[in-house]
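Protein chains in written order, with this note's numbering: chain A, 1 to 337; chain B, 338 to 674; chain C, 675 to 1011; chain D, 1012 to 1348.
None of these hints come from the bench; they were simulated from the model.
Among these hints, one or two may not hold up.
[Unchecked claim] Taking lysine-lysine and the DSS-like style, the derived pairs with C-alpha atoms no more than 30 Å apart in a straight line are: (1) Lys203(A) / Lys394(B); (2) Lys1094(D) / Lys877(C); (3) Lys274(A) / Lys877(C); (4) Lys377(B) / Lys1285(D); (5) Lys714(C) / Lys677(C); (6) Lys1135(D) / Lys1014(D); (7) Lys731(C) / Lys1214(D); (8) Lys948(C) / Lys57(A); (9) Lys714(C) / Lys1068(D); (10) Lys57(A) / Lys611(B); (11) Lys948(C) / Lys877(C); (12) Lys1068(D) / Lys1094(D); (13) Lys377(B) / Lys394(B); (14) Lys1285(D) / Lys877(C); (15) Lys611(B) / Lys1051(D); (16) Lys837(C) / Lys540(B); (17) Lys420(B) / Lys377(B); (18) Lys203(A) / Lys540(B); (19) Lys798(C) / Lys837(C); (20) Lys1214(D) / Lys163(A); (21) Lys394(B) / Lys1285(D); (22) Lys837(C) / Lys677(C); (23) Lys731(C) / Lys274(A); (24) Lys611(B) / Lys1285(D); (25) Lys611(B) / Lys877(C); (26) Lys1285(D) / Lys203(A).
Protein chains: 4
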Amino acid sequence: MVKVGIAGGSGYGGTELIHILLRHPHVDIAWVSSQQHVGKAVAELYPHLRGFLDHLKFSAVQDVPASSLDLLFLALPHGHAMKMVPGLPDRLAVIDLSGDFRISDPAVFEEYYGIPLEDPEVQKRFVYGLPEINREDVRRARYVSNPGCFATATILALYPLVKGGWVEGPVFVDTKTGSSGAGNSPTAGTHHPRRTNSLFPYKPFRHQHLPEIVQALGHPANRVVFQTYSAPFVRGIFASHYMTLRRPASPEEVRGLFMDHYGSEPFIRWVADKPDVNYVRHSNFTDIGAAVDGTYLIVWSVLDNLQKGAAGQAVQNMNIMCGFPEGTGLNLAPVHP
Amino acid sequence: MVKVGIAGGSGYGGTELIHILLRHPHVDIAWVSSQQHVGKAVAELYPHLRGFLDHLKFSAVQDVPASSLDLLFLALPHGHAMKMVPGLPDRLAVIDLSGDFRISDPAVFEEYYGIPLEDPEVQKRFVYGLPEINREDVRRARYVSNPGCFATATILALYPLVKGGWVEGPVFVDTKTGSSGAGNSPTAGTHHPRRTNSLFPYKPFRHQHLPEIVQALGHPANRVVFQTYSAPFVRGIFASHYMTLRRPASPEEVRGLFMDHYGSEPFIRWVADKPDVNYVRHSNFTDIGAAVDGTYLIVWSVLDNLQKGAAGQAVQNMNIMCGFPEGTGLNLAPVHP
Amino acid sequence: MVKVGIAGGSGYGGTELIHILLRHPHVDIAWVSSQQHVGKAVAELYPHLRGFLDHLKFSAVQDVPASSLDLLFLALPHGHAMKMVPGLPDRLAVIDLSGDFRISDPAVFEEYYGIPLEDPEVQKRFVYGLPEINREDVRRARYVSNPGCFATATILALYPLVKGGWVEGPVFVDTKTGSSGAGNSPTAGTHHPRRTNSLFPYKPFRHQHLPEIVQALGHPANRVVFQTYSAPFVRGIFASHYMTLRRPASPEEVRGLFMDHYGSEPFIRWVADKPDVNYVRHSNFTDIGAAVDGTYLIVWSVLDNLQKGAAGQAVQNMNIMCGFPEGTGLNLAPVHP
Amino acid sequence: MVKVGIAGGSGYGGTELIHILLRHPHVDIAWVSSQQHVGKAVAELYPHLRGFLDHLKFSAVQDVPASSLDLLFLALPHGHAMKMVPGLPDRLAVIDLSGDFRISDPAVFEEYYGIPLEDPEVQKRFVYGLPEINREDVRRARYVSNPGCFATATILALYPLVKGGWVEGPVFVDTKTGSSGAGNSPTAGTHHPRRTNSLFPYKPFRHQHLPEIVQALGHPANRVVFQTYSAPFVRGIFASHYMTLRRPASPEEVRGLFMDHYGSEPFIRWVADKPDVNYVRHSNFTDIGAAVDGTYLIVWSVLDNLQKGAAGQAVQNMNIMCGFPEGTGLNLAPVHP
């Protein structure tokens, strides 16, 4: 059994992690922290978990029993992990769900996150944990930086196209998130009377997931126009990617390109022109589909922001790092309706 | 033209008041306050109002131009109106939307609101503004206390039955509110991820609208078991009233009783067994219906919590006080879908 | 491995059954029928299941390979199972999810379902499969009739009170269902523009789940006033039960009564005054709570209508019949947000 | 008073027309038809209208009292109006809300609507009723073809840019509709369990509103990639337009362009980077905003699909045709929350 700790277990990302790890046969959740809820039982804060971990209480993050854990998930707000990691023992594996270790260029990090990098050297020890792109790096890593939810959706949608040199000119990304993406603290943007019957953009051109997309696609000439929206569902990222191709392609050719890249991936499914948030909810899948009309291409990617967009992918990374079958604890079918 | 001011115009009740008064032909909105937003344009805080009152800015409540106003609506949090009213000039008509002046018994007020009454003598100057029950008192009043949203629904549903002596034993009230009833400040209970797919009770047996219901029904022996719920829609009160009758009644007799009381009321409609939040939304109507099976009776009442449950009823009261036709500014059909 | 078939696998109940059985370690889904979709792949109709049972196609119900199956789930519309069962081989275990075999009195069945019972003798071979009430009967049964979703919620809420003789006079039941309860065929009541921001009653006093409630509570003098509502969420039954007690009770006494009955039940949790649809979703739990004020008692029960209200309970019954641990395939925590 | 008739008054477009005309001071609704509901009272089918037009019943469309009407609104399914119009007396003004008379090229019409044009000569008598683009033509017209909801949003967003020659290369349109856009007949796409927590595309590249967009923009070289989505709200079109500009522009320049075109328009409001479905609901406004980053431009347009996208715009056209102030009956502020 791998003994894991979760720093920041009271947020939605942390809670989803608990939910997944509860059904993981090789993991023991040994410790969970929450600065806001020290001493409170996890099942008191999250009553849906009553009966599953009634003994477990939130600790203070500074009380992390680092020497008795095998792996530590960090699900803290941006800026906290990079202060905590240098003090952890080398032998402790770390998977960080924040943006702290995703960006290798300190100037870019500061531009998008508004704070300086604590220590660029620590940064370099982290591998960007998107298994479909760099599984082998994850396998050898002790420190993994888990991608952002929007970034996962868009990188997976564009990677084969960019690598294959199919794209001419800019890609316009119109990407919608469910309200759980904003976390469990009530805000104006998640206030039910405002959110439930509407749709509205935020952070025009400047969402902090953009630099990790550009970095992962690894193509300096690539131009991504990236626009995020708040949508009136709870779970899900639905990302639409609009672009012009260098030459006309048929639906079969587009499908072929994606199959070549992802045909054996356990968590990617091809859905042609039928992407739907309903079909990935509560699962670790990214459904990818497309429609093409001559040189115009639309690629859709859909995922559950708390699973493949956060906790599910973190467990997928853990499985790879620990040598477990990659889908352990993640093999459930999406739930619909 | 009646010059009106609105103290507390940035809450949902105040905003709805502005919305209705904008189309009232005899009213000029001369002043609006908000402690949080002093100096900000109303249309900046509420962009849906852009183009309708672009000149109007929020003032501080203490800067009320009492001598130049004819009527003042108070849409402040509980506890504020009772401090403000004694300092207002006698000639200024007041309609208060809070609970401050609804309860005549100081002990009962303190029990349910958790604060003492400022001055029970001021209390006595207020008339309870439920026109269907005491229109003539409202007509003669300068000070009107506007009923609570839940209270309006339940009093209107039960009044004919209680007055007619039809009820045997307790009445059980199961009443659901939309999220706008909680106001425009985000809270755990209105957080979209929690609210939008659920239903949950709050304040078992002890909602603060209960004492005004008991007081208005005016029947000491009457027993009302009152349970409120948060429902996943934005606007609406849907109240279900369960009871046993002294003797069996037919659907026609039940309808007859309500028609006798409300047949000429401009804002009450009989809906038999088809009550639906959809059919009152954005209107000042209370739809009432019922189903009966021998001595068992279910009565439903449905209204828009921001209209008949707050701002609409306040304008209805103003119309009566000022001698305008009662439906002025309120004569719009509900909107569906 | 138990070889199971599902007749009526394209409805929401059948699909949920497939979803649960996919993760059941001792079950092989050998056959699924759908009259509407003969020859179509299950994963084509339900794209969320892509990758999980791609080989499985819908057959015609009359082609049931009865001799090669161990257990047959019937998830057909009311009236179909009672025609099909007499033709099945005796050795085949059957769990029926419709209302066909729930009511022992033919006159009552006809009154509520509008059709006559095919054969009252066949009826008698079925055990009512509510494990918390009659687990031992289920254990010995070959034929199990799975309870209705509303009935499960209300019977579990009232059983200890009625058996203990606590109730004085009628119980008023105000019970709300999510839209998935209406099945996967679009209707006026599930049309999004009408359903999503509203709440409305249907079938006043006469829902077809009422007779199985009365029958299960087994108390001729008991009177249940039963009112169902359509609520704007997808999954969930939220049932509120209002009643007068013979003598005043404290919250602790009420809790004690329910703990005495259900303390060791794997799928019942006590939630005091915090019931919430969010906390049972996608799980087999029934959360029960209560609030009491002297002799007035409100009992709440909450469950997922497709799990404990249908497919989950059917699998629970199968586990009992087959001697598997009762929670096999059902031990997942509810999902929130 | 203008005597109007409405053919197809039971659909959502027709019902919204009734709702608006009820408050129009110069209009008398003299006749309404519905093939499905001949003889039924309008207020029986649409209970929210109880008390407003209780005398009005649905007639059969062939019984149109053409000689006694001044103006006829046609809100029929595609393909019906073009059969009906040739039989109407010349003196009767007509505003058609379907797609029948929007497309001037018969081949294009047939390609997108799947049926041939009845009579291209009749087609030519119709003016495309988008007042912000061709108000003077509408003023002189007797026959007006009301634009599609998606088309209104996209034409208004792109017209100043295309006319000004600002756009380089294709414009990608990602446009979302509320469920009321699909009409009042339940379908798989509006089934609450599927629609309410999701988002999904339909008709890739081929929505029938595309040809009227291309035609209205009147720029043969212009290329519009048009993708429609079903969103989980009831009312609203939220359209995002992505493009590259010929040369970099500042936010002020973009705003200036739109102000130059629309600054005096009564139903267009500039919202910069804060477009929101909430702020146009139940009103005739189109809110337009934008964000620009060098040569990349995103333009948003938001409207209520049943108002500016259908019935509101039809009344706006009627007001222009009849010489009434353009906002008569349409001057209500949007409603929020």
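Which of the listed hints are not met by the structure? Violated: hints 2, 3, 9, 10, 14, 18, 22, 24.
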